[in-house]
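K.L.:
Residue 90 is where the sequence shown starts when you use this note's numbering, and the numbers rise one by one after that.
The hints are simulated quantities; they were obtained by calculation from the structure and are not laboratory data.
Here are the simulated DSS-like cross-link-like pairs (lysine-lysine), alpha carbons at most 25 Å apart as the crow flies:
| id | residue 1 | residue 2 |
| --- | --- | --- |
| 1 | 306 | 353 |
| 2 | 183 | 144 |
| 3 | 306 | 355 |
| 4 | 144 | 99 |
| 5 | 99 | 121 |
| 6 | 249 | 353 |
| 7 | 431 | 394 |
| 8 | 254 | 370 |
| 9 | 137 | 100 |
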Amino acid sequence: MDYSSIIRTKKARFELLEELMGQEGFFDDPRKAGELTREHRRLGTLLKDWEAYQKQLRELEDSREMVNSGDEEFAAMAQAEIPQIEQRLAVLEKAVQAAIVPPDPLEGRDALIELRAGTGGDEASLFAADLLRMYSRFAEAQGWRVEPLESSPSEVGGFKEVVVKISGEEVFRRLRYESGVHRVQRVPATEAQGRIHTSTATVAVLPEAEEVDLELKPDEVRIEVCRSSGAGGQGVNTTDSAVQVMHLPTGIIVRCQDGRSQIKNKEKALNILRARLLEKKQQEEAAKYSAHRRSLIGGGGREEKIRTYNYPQNRVTDHRIDLTLYSLDTFMEGRIQEMLDKLLASDLEERLAEAGLR
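I would like the entire structure built from these sequences, with the hints used as guidance.
P.N.:
Here it is as structure tokens:
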């Protein structure tokens, strides 16, 4: 496929961004400056890959001419190089295609991760805690920051529900396909007969919403302050710091009590509320947009059963891309990059197909 016209457009945009970035006052609006800087970096990578792609095309053409030159020694050398050049071309073309496809405007956002115990009682709450540990370990390895927002502990040391914010480079892009129902098969610590139980936990990965994404009108939000609840002796019990926020049009309720500060709890609650409202808006738009777009990876819905964690077999299986890894022990320690890469690759194939690049 000839990408020349697309590249010309991208190059013009790159040059415009370079001009804008050199102007005085460019960084006066940090949010906008950050978006344009990230776009400039993406375009720079695309143009670099395109130059490398063009160079390999020229080398391929030269090698093919040398094969037909009549000089047996040079022809043999050129023939041996052609498969290597073609392999490099395939890698570069894929990189160019991936950069050409318009990115999701939310890909660069930080993310809120909500984990809830599903079926399975106490064991489900313990599994939710295990998943939180897994994501926290992965985030730490990436140099990301994990900030607890809200939690509801279970009596056995797990979580009925827990919400954290993860901040860093392209967090939402890399974790977005973790949304769904995660199923665990293992022998609970309390199981005397050694029988394998099946439990579930749900994960929702939400892009952090900004105030420009949607407007929270004062008359649509009811904020109530009340005394925090929790295990005895915790400092959180000593003040009326818990905050409950209700979005009246949708009925969505968010309660935050983990922090000692009423102001901080209010900020966290509003942050979670914005993220949930943005998720609802996205789902409504996605339903209108394309069913095919969600056919392989899924729509990131909370109800989709996406993965099974089988402890007796040391196996983790993602049902959307039919990928099984026999390394559950290290997977639960946060080494989930291989799975995330496969999910991103599958998603890219769909996006390329929809853009007519496949």
